[in-house]
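Student: For reference, the chains in residue letters:
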Amino acid sequence: MGGQKLKKIIVAFLSLNLLLLASNQERDLQAVFIGRLAQFVQWNHPKEHLFRITVIGNNPFGDLLNRLYKEKKIDGKSVEIKHIARLEEIGQTDILFVTLENQQEIQKVILYAIKNSILTIGTQRGFAQRGGIIQLSFVMQKPHLVINHKTAQYSQIKIQAPLLAIAQEIIKGDE
Amino acid sequence: MQTKKYLFLSLLATQLLYPAPKTTPQSEKYYHKSLEELLATETELKADIGSRSGERDTMYSDVPIDVITTQQIHLSGSLELSEILQKYIAGFNYPSASIKDGTDHSKPFTLRGLNPDQVLVLINGKRLHQSSLMHVNNSIGRGSSSVDLNTIPVASIERIEILRDGAAAQYGSDAIAGVINVILKGYGHKNRISTTYAQTHEGDGKTKQTDIFYSTPLPYDGFINITAEFRDNQKTNRAEPDLRDLYAQGDPRNALANPITMHYGDPEAQNILLALNSEMITQNGTTFYAHGIFNKRESEAGAIFRLPIEDRNNPTLYPDGFLPHIAPKILDYSLSLGIKDRLQNGIKWDLSYTNGYNNFHFYVHNSLNDSLGDSSPTSFDSGGTSYRQQVINLDLSKNLELLTLAGGIEYRKEDYTIYKGEPNSYRLGEFSNNAGAQGFPGFLPSNEVDAHRENVGLYIDAKFNPRPNLTLEVASRFEHYSDFGNTFDGKFSALYKPTQSLMFHGSLNTGFRAPSLSQSYFTSTTTEYVVNGLNQIGSFGVDSPVARDLGALKLKPEISQHYTFGFVYQPTSNLSLSADYFYNAIDDRILLTGNISGSISPQVQAILDSYNVTKARYFTNAIGTQTDGVDVRLNYHHKFDNNLLLKTNLAYHYNNTQITQINTAPSILGAAGEGILIDTLTKERITSGQPKHILSLYTQLTQGDWALAFNLKRFGEYASVLGEDLYRFDAKWVSDVEFSYQINARFNLSLGAKNLLDVYPDRWGDTGSDFYSTQGSLPYPPESPFGYNGRSYHVRIEGRF
Chain A
139 MGGQKLKKII
149 VAFLSLNLLL
159 LASNQERDLQ
169 AVFIGRLAQF
179 VQWNHPKEHL
189 FRITVIGNNP
199 FGDLLNRLYK
209 EKKIDGKSVE
219 IKHIARLEEI
229 GQTDILFVTL
239 ENQQEIQKVI
249 LYAIKNSILT
259 IGTQRGFAQR
269 GGIIQLSFVM
279 QKPHLVINHK
289 TAQYSQIKIQ
299 APLLAIAQEI
309 IKGDE
Chain B
9 MQTKKYLFLS
19 LLATQLLYPA
29 PKTTPQSEKY
39 YHKSLEELLA
49 TETELKADIG
59 SRSGERDTMY
69 SDVPIDVITT
79 QQIHLSGSLE
89 LSEILQKYIA
99 GFNYPSASIK
109 DGTDHSKPFT
119 LRGLNPDQVL
129 VLINGKRLHQ
139 SSLMHVNNSI
149 GRGSSSVDLN
159 TIPVASIERI
169 EILRDGAAAQ
179 YGSDAIAGVI
189 NVILKGYGHK
199 NRISTTYAQT
209 HEGDGKTKQT
219 DIFYSTPLPY
229 DGFINITAEF
239 RDNQKTNRAE
249 PDLRDLYAQG
259 DPRNALANPI
269 TMHYGDPEAQ
279 NILLALNSEM
289 ITQNGTTFYA
299 HGIFNKRESE
309 AGAIFRLPIE
319 DRNNPTLYPD
329 GFLPHIAPKI
339 LDYSLSLGIK
349 DRLQNGIKWD
359 LSYTNGYNNF
369 HFYVHNSLND
379 SLGDSSPTSF
389 DSGGTSYRQQ
399 VINLDLSKNL
409 ELLTLAGGIE
419 YRKEDYTIYK
429 GEPNSYRLGE
439 FSNNAGAQGF
449 PGFLPSNEVD
459 AHRENVGLYI
469 DAKFNPRPNL
479 TLEVASRFEH
489 YSDFGNTFDG
499 KFSALYKPTQ
509 SLMFHGSLNT
519 GFRAPSLSQS
529 YFTSTTTEYV
539 VNGLNQIGSF
549 GVDSPVARDL
559 GALKLKPEIS
569 QHYTFGFVYQ
579 PTSNLSLSAD
589 YFYNAIDDRI
599 LLTGNISGSI
609 SPQVQAILDS
619 YNVTKARYFT
629 NAIGTQTDGV
639 DVRLNYHHKF
649 DNNLLLKTNL
659 AYHYNNTQIT
669 QINTAPSILG
679 AAGEGILIDT
689 LTKERITSGQ
699 PKHILSLYTQ
709 LTQGDWALAF
719 NLKRFGEYAS
729 VLGEDLYRFD
739 AKWVSDVEFS
749 YQINARFNLS
759 LGAKNLLDVY
769 PDRWGDTGSD
779 FYSTQGSLPY
789 PPESPFGYNG
799 RSYHVRIEGR
809 F
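Listed in order, the protein sequences are those of chains A and B. The first sequence begins at 139 in our numbering and counts up one residue at a time. The second sequence begins at 9 in our numbering and counts up one residue at a time.
A few of these clues could be false.
Only some residues are given here: those of chain B computed to face chain A with a beta carbon under 10 Å [unchecked claim]:
| id | residue |
| --- | --- |
| 1 | Ser35 |
| 2 | Ala48 |
| 3 | Glu52 |
| 4 | Leu53 |
| 5 | Thr77 |
| 6 | Gly194 |
| 7 | Tyr195 |
| 8 | Pro227 |
| 9 | Gln291 |
| 10 | Gly293 |
| 11 | Leu359 |
| 12 | Asn407 |
| 13 | Leu411 |
Keep in mind the hints are simulated off the structure, nothing from the lab. We put the CB at the ideal spot given by N, CA and C, even for glycine.
Isolated chain A, as found in the complex (with noise of 0.2 Å):
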């Protein structure tokens, strides 16, 4: 009887560290918007067999974006996740998650990702208005959604009316 109740604690116990654990929520969160937000996107260039990700810059996920999206599909499309450092690695890629710190560095991503039909996401202040297309910050404990629409189109990326429609900052573009 006693042993029976010492196993009940130590699985419970193991339980809640292994099933129960706490997280970095805003990692978590940027983690998980990268793949949310890609499904109000529509791109122009043709259709490939994978959804590329890439993180260019420190990688603060470590390899919860693998983990993440191992199993899911984005566009009926398998994922594929590449962390990078230097814009001359960039290749082929659906998306691009800026994490540089540099400002010259950032915008010259950007100017290759508009001119090569990526989605930019960063998450620096300011990063929709140097030409990102979604800047994905924090406010107040809160996710906080700016979308360059200007950029979008420019880059010959269709933003969805629903992301246009709750994102907190929109700088239009042609209506």
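Take the given structure of chain A and dock chain B to it, following the hints.
Tutor: Only chain B this time, still in chain A's reference frame:
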């Protein structure tokens, strides 16, 4: 039995040695939410305080941190920052003060039972100056100059971070009991205007307040945020009828109803408060920033009533006696200007200049200078004190793979002045021996002080993450002060997460508090006639010849050793329990001595006579203390199916201060020396003048357009001394409630009550005093941590635009 034991121990060891495998249940849950739900998700609280490596999760920090959020500030129903801190922080004490001269108008606060000047206050991470006011009356914080938190308009604040740990190795002087960092509203806040009306259940204390917050966006998410607040507080008064015979014996007017002669409550005050917070970001990412506060306060409160029959009264001017009104005009501002950027090699730099100033100018009304006879004016300019602090900072930091390195240099210049009052406020006329304005005699020309000090600090800070579940941080700081020399302090802290839901943290550090210029130089005397001429009575700076001959020494810094350790257990994302033990030993705490008079010895009499002084006192490094205690927090939130969100926080704080050492008194004071360094009242004020046990339960319910907040707090027992007798005052439960309703997209209405159950502190009891006793006119103890105004109500309407 053995097998079970081994099984348990091995599983426990596994838990402790290996962090739980990383899985992503939270992100999986998020992935299946709608975008609207994702945008409404509240993330963990983050804070800058206590580390140079940027914001981190307050729950998983190497040192204990509390954060008060914008929403909590909104639901506090309080218009003053000190009140908000007292409401939400269990170890924060903001006692009432009445009939305490300047202290009535700029009340001190304490953290963890220590002194007001042992807390460092920052605005946006930059050091905020202290008030020039020296608390010299018998109140909590006597002998210190504290920061006046109420100079910061509440509407300008985004959040308040409270570090419950010593941090002098990171921030320099004063960070002994903890650090309070006020973060002003920055990017992303909506414009708003609000107006509040409040009054007590007794019908007094009517308060009218309006504030406006206006944000102008600048390129690249820069902003200029301006807050303006206007507040008019009428006084409260809980004095009771004066039972003394006010007139000469046999005067029939003594048989009339006893009038209320005193003012015992909050002062009447008018405040203008402004705040600025601005960031201008250039195309290449360089950020120019400016933030500041401004407060102009005119306040008025009573001194002790002068009876018609007293020799301090002139019946021609005041046939029924008079209550002098002390009415300071306080000007306080602080402005920080800075520039920050990041170099190509990843080094972040931040260069800033801060100029903080406080001017406490005393005026006295409804008074007289008895020595000037019938021609005495009734209003006086009594002079005042001012303090300026200028700080230049250069902070550098760089994030490497597992290491964050930070360092910096700080130059600080302080100026402290005492300026004289108008001659009638201090001079001794020919009609009596009662010199100066009754209530608050003016500063004399001989009291004038113009003192300066400079110091340079150098610091380094390294944070190392050798494993994902282990963080180590070391910091050290060297400072050179132009008046007392050098200090060197260190700090080591660690965080270890054996599992994802359990964390242990601890910190070990040394610290110091530089003697304030006001402690070194405060001089305030009055004049009296003696047989051989005019004599002075009062406080003298430690460098003054009379103080030196009476044994005063140049003040040394207070030195502290501090450690804290505890744990955070978060079994689920909506439930957490934390407990921290802290220990703080402080040597050479600075106190104001008792009065030194000629009755001590013929030698002391001879010294006093040689300087024409009757009684003198000065500041000195007097005692060592030891404070320890615990902080326990239980946080829980739950969102019900009907979208009702419950947030609750249970907090318990315990502190116990003991005097461990009384420094050797100067030999000239002889056997009376120890009693002059620290008297019974001061001992009790330090060890039992503040509640040791504080329990608080905060509950917040929100659903759709409405929110309800309820705060219940138990202030533990505390004590005070009258004469040589100790009086204890029982613990009390005090509750506040706030209801907020969003009328439409623009307007919000709030209704609330403070001290809902109209609780008052215990009365003094039968002390025999005319003032502080059950029958006296001042029935409540001045140390009451929740005041003695009783219940009050308020209504506020807020508009967003």
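Student: Determine for every hint whether it applies to the structure shown.
Tutor: Cross-check of the supplied hints:
Restraint check, serine 35(B) versus chain A: the minimum CB separation of about 4 Å is within 10 Å; hint holds. Using the Cβ-Cβ criterion of 10 Å, the hint placing alanine 48(B) at the interface with chain A is satisfied: the shortest such distance is roughly 7 Å. The closest approach between the C-beta of glutamate 52(B) and any C-beta of chain A is roughly 5 Å, which is under the 10 Å cut-off, so the hint is satisfied. Annotation: leucine 53(B) was flagged as interfacial toward chain A, and the flag holds, the nearest CB pair being 7 Å apart, inside 10 Å.
Here the hint on threonine 77(B) is kept, as its CB sits about 7 Å from the closest CB of chain A, short of 10 Å. For glycine 194(B), the suggested interface contact is upheld, since its CB lies about 8 Å from the closest CB of chain A, less than 10 Å. Annotation: interface hint on tyrosine 195(B) holds; nearest CB of chain A at approximately 6 Å, less than 10 Å. Hint status for proline 227(B) relative to chain A: holds, with the closest Cβ pair at about 6 Å, below 10 Å.
The criterion of a C-beta within 10 Å of any C-beta in chain A is met by glutamine 291(B), whose closest approach is roughly 7 Å, and the hint holds. Contact between glycine 293(B) and chain A, as hinted, is supported at the beta carbon level, the nearest pair being about 3 Å apart and thus within 10 Å. About 18 Å separates the beta-carbon of leucine 359(B) from the nearest beta-carbon of chain A, more than 10 Å, and the hint is not met. Interface restraint check: asparagine 407(B) against chain A, minimum CB-CB distance 8 Å, threshold 10 Å, status holds.
Interface restraint check: leucine 411(B) against chain A, minimum CB-CB distance 14 Å, threshold 10 Å, status violated.
Hint violations for this structure: numbers 11 and 13, all remaining hints satisfied.
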